[in-house]
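Participant: Now for the letters of each chain:
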Amino acid sequence: MIRRNCLATACLAATIAFAANARAEDITIGAHMPLTGSLARSGQAFNEGMQVALKVFNESQSKHRIKVTVIDDESQPAKAVTAVEKLASDGAAAIIGGYGSNIVGPASDTSNRLGKVYITGGAVSDELVQRGNKNFFRINNNAGYQRGVEGLIEEVKPNGVSIIASTKEAPMLLAKGLEASLAKKGFKVTLHPFDPAITDFKPIINKVKLQDKSEIIFMSAYENDYVGIIRAAKVLKPPVKAIVGAWSLATPKMYSDFPDLMQNIIGTTFLPFPVEVKDEEGRKFAAVYKEMFGKEIEYASTLAFVETMVLSEALARSADAGTLKSAGLLAEMKTTNRPSPLGRITFNEVGDNPNFALSMGQHRDGKIPLVSPAEFATGKLAYPAVPW
Amino acid sequence: MRSLPALLILAVAIAVPIAFSGNSYVMGLMVSGLIVAGVALAWALLGNLGGMVSFGHAAFFGVGAYTSAILSAKFGLPVPLALLAGACGAALCSIVMLPALRLSGPYFALAILAYAHIFKILATEATSITGGSAGFQRFPPLPTIMGLDLSSRVGSYCLLVVLVAICAAIYLAVKRSHVGTALRAMAESEDATRVVGVNATLLKAWMLLLSAFITGLFGAMNAHIINFLEPDYAFSASWSILPIIAAIFGGYRTILGPVAGAVLIYLFDQIIAKELLPVGHEILLGILLAGMILIAPNGLFGMFQRKTVKGAAHAAA
Chain A
2 MIRRNCLATA CLAATIAFAA NARAEDITIG AHMPLTGSLA RSGQAFNEGM QVALKVFNES
62 QSKHRIKVTV IDDESQPAKA VTAVEKLASD GAAAIIGGYG SNIVGPASDT SNRLGKVYIT
122 GGAVSDELVQ RGNKNFFRIN NNAGYQRGVE GLIEEVKPNG VSIIASTKEA PMLLAKGLEA
182 SLAKKGFKVT LHPFDPAITD FKPIINKVKL QDKSEIIFMS AYENDYVGII RAAKVLKPPV
242 KAIVGAWSLA TPKMYSDFPD LMQNIIGTTF LPFPVEVKDE EGRKFAAVYK EMFGKEIEYA
302 STLAFVETMV LSEALARSAD AGTLKSAGLL AEMKTTNRPS PLGRITFNEV GDNPNFALSM
362 GQHRDGKIPL VSPAEFATGK LAYPAVPW
Chain B
162 MRSLPALLIL AVAIAVPIAF SGNSYVMGLM VSGLIVAGVA LAWALLGNLG GMVSFGHAAF
222 FGVGAYTSAI LSAKFGLPVP LALLAGACGA ALCSIVMLPA LRLSGPYFAL AILAYAHIFK
282 ILATEATSIT GGSAGFQRFP PLPTIMGLDL SSRVGSYCLL VVLVAICAAI YLAVKRSHVG
342 TALRAMAESE DATRVVGVNA TLLKAWMLLL SAFITGLFGA MNAHIINFLE PDYAFSASWS
402 ILPIIAAIFG GYRTILGPVA GAVLIYLFDQ IIAKELLPVG HEILLGILLA GMILIAPNGL
462 FGMFQRKTVK GAAHAAA
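Which chain is which? The protein sequence lines are A and B, in order. Here this note's numbering is used: the first residue of the first sequence is 2, the next is one more, and so on. Here this note's numbering is used: the first residue of the second sequence is 162, the next is one more, and so on.
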């Protein structure tokens with residue numbers, strides 16, 4: 002009898018162990034990031050945020066272990082397409098997209114063709130959600146950036162705004178959107194488009210100084226452009242009261258790399274620096290980020306953290322339901338509805354996150370307090386205030 | 162024996178889609194490699210028969226791509242005709258480069274590089290037509306013909322293999338013709354050839370047109386395969402440099418050398434070099450090329466031909 006009971010217990014234990022093993026699942030996701038090339042600075046930050054998210058997710062439960070394979074797309078659309086093909090061929094359950102609308106566009110098209118869910122936090126072009134790619138999801142968009150900048154300008158009420166914008170798709174989209182909306186609200190707006198190849202911004206700054214005589218310069222461009230524009234402004238000293246920019250400007254790295262240029266500069270951001278997070282997930286993110294990389298959270302890393310968490314959770318739900326190999330992941334992505342360090346994340350019928358909104362942060366002696374909108378402010382806006 | 166490399170390449174070309182049809186990554190690499198092969202062939206044609214080293218084939222590549230994409234998207238031209246129009250567009254753009262034919266050696270190379278930059282600026286500035294630096298995305302992919310979806314990786318591969326083979330055949334025909342003989346003589350001594358009544362400038366112009374036509378065709382193909390264009394990508398210096406590396410690696414004095422060189426170099430870069438050195442893998446490409454030039458200045462096929470000739474000589478003895 003005892004022997005029979007022992008045998009039954011052993012069988013039960015083996016069954017439970019087998020069942021537990023059967024449930025525990027290793028899931029690999031693929032990511033293409035611009036680790037080299039012109040967008041490398043953002044790509045590195047995205048990669049860091051993604052790695053933190055995976056550590057946080059894997060440590061939060063023992064049922065699923067999610068791994069990521071990252072391929073450097075070298076900031077080139079064709080290399081991103083090849084990367085997606087390789088990741089899909091290697092069995093990636095889904096793809097995390099890189100940075101830049103011009104790269105994410107063809108890469109997500111390829112992912113859609115291969116039937117893989119694709120999520121990005123690094124592309125704002127409206128065209129991306131108008132294509133009807135059913136596998137495409139993104140957590141950020143142009144409207145969120147536009148709302149953040151508009152709010153600041155409405156608060157300070159300048160006599161005019163000079164928009165200096167790269168003719169690349171995403172910066173021009175933001176610039177034209179702001180030009181139209183600010184003009185509608187009665188602000189004098191002058192748009193100065195520039196070719197991404199140019200590095201000398203003195204002629205444009207001279208126009209701002211001598212013709213526009215605006216109180217705010219708004220830069221809709223990328224990191225290298227910001228540096229060029231601010232350097233030129235520092236030389237020519239136009240009579241502006243503030244210099245404002247869009248993505249990847251209000252970051253600790255920009256201050257540590259260019260301390261002489263960043264003082265008082267205002268840019269879109271999610272969190273102040275030093276990081277002050279009110280929610281549990283944000284605190285965990287900040288702590289693990291510091292532990293892994295020995296620094297405070299980067300702007301782009303927050304986007305990558307959130308997109309990776311959202312995807313990981315959807316993968317886990319789909320795996321639990323046993324639908325990962327079918328269209329289950331797509332369905333789970335569509336049911337996403339969670340708070341995050343970026344605010345609530347949901348996806349509408351075209352895969353866009355309608356809740357995306359940003360605050361404005363100002364570089365102040367190595368710190369970045371949030372200065373707009375008022376309800377999220379952690380510091381007072383220094384205005385007028387320029388880097389020189 | 163002399164046709165052995167061609168038979169080998171043909172066998173590999175047939176075997177690849179059979180073995181890898183389910184692997185879109187490998188097929189994608191082969192497609193990209195074949196596009197570089199087409200441009201390398203065009204570059205070698207100009208370099209070998211025309212005696213002109215070009216650093217500006219990106220101009221023809223970009224013009225071909227934009228012409229085809231714009232004509233198919235905005236004017237509704239069927240894609241096969243748009244591809245042909247892209248090639249013709251590149252050939253037409255080479256006409257403005259004809260004054261550069263008065264130059265030779267490094268002066269010609271630099272002049273054509275400048276032309277490439279001019280076309281890139283034109284594509285950037287003509288925003289209403291090309292979309293400017295924002296890029297141009299909404300144009301039709303390759304069509305389905307006789308049940309074969311050419312926009313699939315296998316379909317694109319088959320089409321590219323056929324196109325590369327046709328271009329190689331044209332190259333061979335030109336090389337074996339009287340024009341080819343005159344061009345080879347001209348490469349040895351242009352003055353001496355002029356003395357015997359050969360219009361060297363006209364022949365060079367024809368080679369430039371033909372080379373631009375082929376490059377434009379592959380540029381157009383690439384546009385419809387990637388379905389995205391922006392000036393930085395379409396006129397990227399890599400469309401000038403990679404074919405040169407490929408042609409020299411494979412042997413630019415031969416016809417199959419640039420083709421095999423391009424596919425091998427591309428696969429080496431993407432599969433081996435990128436795996437060994439994820440960041441900055443191009444350095445391995447440089448080391449490989451430098452080693453190849455030191456060991457076999459005439460490239461892989463040059464080395465193969467030398468061994469074949471030696472073998473034949475031994476056999477005859």
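What the hints contain is simulated information worked out from the structure, not anything from laboratory work. Model, not experiment: these values are computed from the prediction. Every residue gets a Cβ at the ideal spot worked out from N, C-alpha and C, and that includes glycine. Wrong hints could be hidden among the right ones.
Computed beta-carbon distance windows for the label pairs [to be verified]:
{"no.": "1", "chain 1": "B", "residue 1": "P267", "chain 2": "A", "residue 2": "E292", "range": "54 to 62 Å"}
{"no.": "2", "chain 1": "B", "residue 1": "H278", "chain 2": "A", "residue 2": "K56", "range": "44 to 52 Å"}
{"no.": "3", "chain 1": "B", "residue 1": "L309", "chain 2": "A", "residue 2": "D91", "range": "38 to 46 Å"}
Participant: Give a verdict on every hint.
Facilitator: The hints, checked one at a time:
no., hint, result
1, B:P267 - A:E292: 54 to 62 Å, "55 Å, holds"
2, B:H278 - A:K56: 44 to 52 Å, "46 Å, holds"
3, B:L309 - A:D91: 38 to 46 Å, "27 Å, violated"
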